[in-house]
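There are 2 protein chains.
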Amino acid sequence: MYADRVRQPSLLDKVMTAAEAAALIEDGMTVGMSGFTRAGEAKAVPLALAERARQAPLSISLMTGASLGNDLDKQLTEAGVLARRMPFQVDATLRKAINDGRVMFIDQHLSETVEQLRNHQLKKPDIAVIEAVAITEQGHIVPTTSVGNSASFAIFAERVIVEINLAHNPNLQGLHDIYIPTYRPTRTPIPLTRVDDRIGSTAIPIPAEKIVAIVVNDQPDSPSTVLPPDVETQAIADHLIAFFQREVDAGRMSNSLGPLQAGIGSIANAVMCGLIHSPFENLSMYSEVLQDSTFDLFDAGKLAFASGSSITLSARRNADVFGNLERYKERLVLRPQEISNHPEVVRRLGIIGINTALEFDLYGNVNSTHVGGTRMMNGIGGSGDFARNAHLAIFVTKSIAKGGAVSSVVPMVSHVDHSEHDVDILVTEQGLADLRGLAPRERARAVIDNCVHPDFRGPLGDYFERACARGGHTPHILREALQWHINLEETGRMLAG
Amino acid sequence: MYADRVRQPSLLDKVMTAAEAAALIEDGMTVGMSGFTRAGEAKAVPLALAERARQAPLSISLMTGASLGNDLDKQLTEAGVLARRMPFQVDATLRKAINDGRVMFIDQHLSETVEQLRNHQLKKPDIAVIEAVAITEQGHIVPTTSVGNSASFAIFAERVIVEINLAHNPNLQGLHDIYIPTYRPTRTPIPLTRVDDRIGSTAIPIPAEKIVAIVVNDQPDSPSTVLPPDVETQAIADHLIAFFQREVDAGRMSNSLGPLQAGIGSIANAVMCGLIHSPFENLSMYSEVLQDSTFDLFDAGKLAFASGSSITLSARRNADVFGNLERYKERLVLRPQEISNHPEVVRRLGIIGINTALEFDLYGNVNSTHVGGTRMMNGIGGSGDFARNAHLAIFVTKSIAKGGAVSSVVPMVSHVDHSEHDVDILVTEQGLADLRGLAPRERARAVIDNCVHPDFRGPLGDYFERACARGGHTPHILREALQWHINLEETGRMLAG
Numbered sequence: 001m002y003a004d005r006v007r008q009p010s011l012l013d014k015v016m017t018a019a020e021a022a023a024l025i026e027d028g029m030t031v032g033m034s035g036f037t038r039a040g041e042a043k044a045v046p047l048a049l050a051e052r053a054r055q056a057p058l059s060i061s062l063m064t065g066a067s068l069g070n071d072l073d074k075q076l077t078e079a080g081v082l083a084r085r086m087p088f089q090v091d092a093t094l095r096k097a098i099n100d101g102r103v104m105f106i107d108q109h110l111s112e113t114v115e116q117l118r119n120h121q122l123k124k125p126d127i128a129v130i131e132a133v134a135i136t137e138q139g140h141i142v143p144t145t146s147v148g149n150s151a152s153f154a155i156f157a158e159r160v161i162v163e164i165n166l167a168h169n170p171n172l173q174g175l176h177d178i179y180i181p182t183y184r185p186t187r188t189p190i191p192l193t194r195v196d197d198r199i200g201s202t203a204i205p206i207p208a209e210k211i212v213a214i215v216v217n218d219q220p221d222s223p224s225t226v227l228p229p230d231v232e233t234q235a236i237a238d239h240l241i242a243f244f245q246r247e248v249d250a251g252r253m254s255n256s257l258g259p260l261q262a263g264i265g266s267i268a269n270a271v272m273c274g275l276i277h278s279p280f281e282n283l284s285m286y287s288e289v290l291q292d293s294t295f296d297l298f299d300a301g302k303l304a305f306a307s308g309s310s311i312t313l314s315a316r317r318n319a320d321v322f323g324n325l326e327r328y329k330e331r332l333v334l335r336p337q338e339i340s341n342h343p344e345v346v347r348r349l350g351i352i353g354i355n356t357a358l359e360f361d362l363y364g365n366v367n368s369t370h371v372g373g374t375r376m377m378n379g380i381g382g383s384g385d386f387a388r389n390a391h392l393a394i395f396v397t398k399s400i401a402k403g404g405a406v407s408s409v410v411p412m413v414s415h416v417d418h419s420e421h422d423v424d425i426l427v428t429e430q431g432l433a434d435l436r437g438l439a440p441r442e443r444a445r446a447v448i449d450n451c452v453h454p455d456f457r458g459p460l461g462d463y464f465e466r467a468c469a470r471g472g473h474t475p476h477i478l479r480e481a482l483q484w485h486i487n488l489e490e491t492g493r494m495l496a497g
Numbered sequence: 001m002y003a004d005r006v007r008q009p010s011l012l013d014k015v016m017t018a019a020e021a022a023a024l025i026e027d028g029m030t031v032g033m034s035g036f037t038r039a040g041e042a043k044a045v046p047l048a049l050a051e052r053a054r055q056a057p058l059s060i061s062l063m064t065g066a067s068l069g070n071d072l073d074k075q076l077t078e079a080g081v082l083a084r085r086m087p088f089q090v091d092a093t094l095r096k097a098i099n100d101g102r103v104m105f106i107d108q109h110l111s112e113t114v115e116q117l118r119n120h121q122l123k124k125p126d127i128a129v130i131e132a133v134a135i136t137e138q139g140h141i142v143p144t145t146s147v148g149n150s151a152s153f154a155i156f157a158e159r160v161i162v163e164i165n166l167a168h169n170p171n172l173q174g175l176h177d178i179y180i181p182t183y184r185p186t187r188t189p190i191p192l193t194r195v196d197d198r199i200g201s202t203a204i205p206i207p208a209e210k211i212v213a214i215v216v217n218d219q220p221d222s223p224s225t226v227l228p229p230d231v232e233t234q235a236i237a238d239h240l241i242a243f244f245q246r247e248v249d250a251g252r253m254s255n256s257l258g259p260l261q262a263g264i265g266s267i268a269n270a271v272m273c274g275l276i277h278s279p280f281e282n283l284s285m286y287s288e289v290l291q292d293s294t295f296d297l298f299d300a301g302k303l304a305f306a307s308g309s310s311i312t313l314s315a316r317r318n319a320d321v322f323g324n325l326e327r328y329k330e331r332l333v334l335r336p337q338e339i340s341n342h343p344e345v346v347r348r349l350g351i352i353g354i355n356t357a358l359e360f361d362l363y364g365n366v367n368s369t370h371v372g373g374t375r376m377m378n379g380i381g382g383s384g385d386f387a388r389n390a391h392l393a394i395f396v397t398k399s400i401a402k403g404g405a406v407s408s409v410v411p412m413v414s415h416v417d418h419s420e421h422d423v424d425i426l427v428t429e430q431g432l433a434d435l436r437g438l439a440p441r442e443r444a445r446a447v448i449d450n451c452v453h454p455d456f457r458g459p460l461g462d463y464f465e466r467a468c469a470r471g472g473h474t475p476h477i478l479r480e481a482l483q484w485h486i487n488l489e490e491t492g493r494m495l496a497g
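Chains as they are written, first to last, in our numbering: chain A, 1 to 497; chain B, 1 to 497.
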């Protein structure tokens, strides 16, 4: 049943149950697991670990690529397994534990986790748990629907547990490109100069003897929960496409734009879908997660190539894409997130980065993570990796939330993830503000005129005018700067009355 | 008198007075001038331009490498010449005009200005004014004590004015390494893998016919105003050196540390001076500005090589270093600031970045630029270029200012330039907080325990405890978060009573 998936015969006697494998994980260990945007996470061992912890409490420091599917973070949190967690998550139960201070969450730029491990800035994983479609004849690990941090976790850990997942199409083999930067002080440039370059190996090269357990399962990835485009997200897409057209007309971009990156979620997905009916051709993606829209763009003949670190699809597209993988395989590559998000590569390729803001302020500072300045939503993810070095750093959001109680455009953001220096373009359904080359007072005018919902435009303009009267390069009235957030906390609405 | 400096004979008839050259600059133009950290700026033409504007008003958009010396920004501001200014400045008169909203200042990561010009995101200079020690036989420009953005300004501008400055040692020729990234979509890796690599040319290669004017002058650079180490800066240096020693002992760094970057100013200079009496050997620098401490380290036999974008010395060291340049020349290189600060290179080399914070908060967010959240001090400079991608992102500051009225460690910074994600180590004279791998609540504890002045430790700890009781990944009390800044604004002290 799995002999064709475990091709190094000496490893066949390492096959065991998930519970047996989970027993190799000890209290206090640092564990590195596969999984990125709910794709390709190890599934059986973490569940068995949660089960075991319910009987005999233990806790670990868990690092992954990004978010996990199959409610794993929920299960692990409820079982008290997570003492520390990095670098990203999207689970409601874990989120609550983080915000209660029960789980120490280290929110990181997604390109940096393995770099910090490599430099001994973080404790290396004692053990890695990696989902695979196969183990090669050499004992190398073939990942599934994500690469994430799996390669470096397997390389750094002394012991590796492999979950062979029979639910994945074995034809995934060949899709991955595993490149690991060399060590300093003799580190060489990352030799990637085109989105379709292949610079590494198709499997994770580790000594076969590090594989101490193999668990076989067939639990599929969780489908993505992306919402279809609505009137507002369509308007955001339209504003952005009109802007791209102006850039092309002005000779600043070609008709194939630049390599596109789109953050996870419904708005970014809707923007990408909007490109299906755009005049742009021969598009390419150099992104973290490839969502439904990637394959919709392939099917529409718009997309030439897509590079990512994971593939996360809705139930609608999942069977079709993975059941017909040969249709796309030559135009796809999955890389370690260190490479998909690497500042060196992002700057070299000139990426157009499109990410979702929780809120932004008058001057273009962006909050991607903290509700009310205090409560973690998901994490910064790759947004900073891309925004800092992108050709165009674009942030999108609907202008209001909570039925109009909340403005996504505020006098001062309650938390800064991306400073004014890193933000070029802001888009809401109201319009687009092009902040390039503008001083703060000019940025504020562009934001007020283009992005704010009409219900908040007057009050925001009033704040700005009164702040300007007090002076400063970046005018503010400190006594009022956070008042909208305080109002929201106290009354449920940003504006009084 | 200057024939040996203008070696392309056809250019000799372009020699003219500064006033004649300044007349080539028209109202409304965008002008790119040499100059980085008060080193190597064009001196005569901007003064002549200011003089002219006092008679016949005109205004321009001025971009430089970084700050200018010789009171040029003051003169230009007073003459009303500056409509727009980027990407950095340190002048009190200009600062006031910026904060009054009279000059539009675009505060940029110093590695990004020419990248944005190259990508047509900013308007290219109509004319460039570049200080040189010589023009070569090929008509190429040999810069003086800084490279900054000079090379790209000269390449992008249609017309170039060269100021031959006879005050500079002609032996500066050969010190510079001019590398310009290739254009996308065929951009290749920057082939720099060691701090002492030379990857470009020793002069700025432009067609000789672009040089429309040559002005000869002999006004020296302004000396740096760096203050000697004091008790607090010595304590900061001591904490940092003890930390480096622990890193070496733990096997995380070699005894030659990593390539060092130090921001401009007295504190960073003092830290570098502290290395003279440290046990570390064979040090190297990959920095923006090379200050007195660089040459003190050379003289002490501690420093093997220094790469920068400018050399800015005190009156004490200036004559000695430039009068004996051959003593250092083989161990020095000056690069375009795009390359000295390039994210690709910073990450590859594993730089130890030491920059000065104006203030930082409980969670390690750093304000480098805005007093009271509104008033621009100098600009972000290269601190973001280095901090984001450094092996160690270190920020230093004295724990108090204004005779104890101000704490540099606050509940929430009034402006964020570097978010918690980009800050590894914080140091004041009180001690050092190592924030690597810590969650926000742990970071706060490390900051309170190690960095805060005793006068503020109680109040800050009290704020943190009460914020934690309200919950959140990054606990805050929004009603109080900015209160210390408000108190300062209203009473001149951060703490009441």
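Among the hints, a few may not be true.
Because identical chains cannot be distinguished in the list, a pair is counted as satisfied if it fits within a single copy or across any two copies.
Stated by the list, open to error - Mimicking SDA-like on lysine to any residue, the simulated pairs with C-alpha atoms at most 25 Å apart in a straight line are:
no. : residue 1 : residue 2
1   : Lys329    : Leu11
2   : Lys302    : Ala167
3   : Lys123    : Phe243
4   : Lys124    : Gly471
5   : Lys74     : Gln245
6   : Lys14     : Asp218
7   : Lys329    : Pro185
8   : Lys123    : Ser254
9   : Lys210    : Arg54
10  : Lys14     : Pro223
11  : Lys124    : Ser314
12  : Lys402    : Gly492
13  : Lys210    : Asp299
14  : Lys329    : Gly471
15  : Lys14     : Glu247
16  : Lys14     : Ile486
17  : Lys123    : Glu442
18  : Lys210    : Arg470
19  : Lys74     : Gln219
20  : Lys14     : Val248
21  : Lys402    : Gln173
22  : Lys398    : Ala83
23  : Lys398    : Ala92
24  : Lys124    : Leu432
Source of the hints: derived by calculation from the structure; they are not laboratory data.
To see whether the hints hold, each was checked on the structure:
For a Cα distance limit of 25 Å, the shortest separation of Lys329 from Leu11 qualifies neither inside one copy, at 29 Å, nor across copies, at 59 Å. For a Cα distance limit of 25 Å, the shortest separation of Lys302 from Ala167 qualifies neither inside one copy, at 30 Å, nor across copies, at 60 Å. Taking the shortest alpha-carbon separations for Lys123 and Phe243, only the inter-copy value of 18 Å comes in at or below 25 Å, while the best intra-copy value is 45 Å. For the homomeric pair Lys124 and Gly471, neither the shortest alpha-carbon distance inside one copy (49 Å) nor that between copies (30 Å) is at most 25 Å.
In this homomeric assembly, Lys74 and Gln245 never come within 25 Å of each other (Cα to Cα): the closest approach is 44 Å inside a single copy and 42 Å across copies. For the identical chains of this complex, Lys14 and Asp218 are intra-copy neighbours only, at 18 Å inside a copy versus 78 Å across copies, given an alpha-carbon limit of 25 Å. Taking the closest pair of Cα atoms, Lys329 and Pro185 come within 25 Å of each other only across two copies (23 Å); inside a single copy the shortest separation is 36 Å, beyond that limit. For the homomeric pair Lys123 and Ser254, the shortest alpha-carbon distance between copies (19 Å) is at most 25 Å, but the shortest distance inside one copy (45 Å) is not.
Neither within a single protomer nor between protomers do Lys210 and Arg54 lie at most 25 Å apart by alpha-carbon distance, with minima of 28 Å and 76 Å respectively. Taking the closest pair of Cα atoms, Lys14 and Pro223 never come within 25 Å of each other, the shortest separation being 30 Å inside a single copy and 70 Å across copies. With identical chains, the CA atoms of Lys124 and Ser314 are never at most 25 Å apart, being 34 Å at best within one copy and 45 Å at best between copies. In this assembly of identical chains, Lys402 and Gly492 lie within 25 Å of each other by CA distance solely inside one copy; the values are 9 Å within and 40 Å between copies.
Taking the shortest Cα distances, Lys210 and Asp299 never come within 25 Å of each other, neither inside one copy (41 Å) nor across copies (50 Å). Taking the shortest Cα distances, Lys329 and Gly471 never come within 25 Å of each other, neither inside one copy (57 Å) nor across copies (47 Å). Neither within a single protomer nor between protomers do Lys14 and Glu247 lie at most 25 Å apart by alpha-carbon distance, with minima of 57 Å and 39 Å respectively. In this assembly of identical chains, the alpha carbons of Lys14 and Ile486 never lie at most 25 Å apart, being 57 Å within a copy and 64 Å across copies at closest.
In the homo-oligomer, the alpha carbons of Lys123 and Glu442 lie at most 25 Å apart only across protomers (16 Å), although the nearest pairing inside one protomer, at 45 Å, exceeds that limit. For the homomeric pair Lys210 and Arg470, neither the shortest alpha-carbon distance inside one copy (64 Å) nor that between copies (45 Å) is at most 25 Å. When the C-alpha separation of Lys74 and Gln219 is checked against a cutoff of 25 Å, the pair qualifies only within one copy, where the shortest distance is 17 Å, while the shortest distance between copies is 69 Å. Taking identical chains as interchangeable, the C-alpha atoms of Lys14 and Val248 are never at most 25 Å apart, the minima being 57 Å within one chain and 39 Å between chains.
Taking identical chains as interchangeable, the C-alpha atoms of Lys402 and Gln173 are never at most 25 Å apart, the minima being 44 Å within one chain and 64 Å between chains. In this homomeric assembly, Lys398 and Ala83 never come within 25 Å of each other (Cα to Cα): the closest approach is 35 Å inside a single copy and 35 Å across copies. For a Cα distance limit of 25 Å, the shortest separation of Lys398 from Ala92 inside one copy, 22 Å, qualifies, whereas the shortest one across copies, 41 Å, does not. Proximity of Lys124 to Leu432 under the C-alpha cut-off of 25 Å is restricted to the inter-copy arrangement: shortest distance 24 Å between copies versus 44 Å within a copy.
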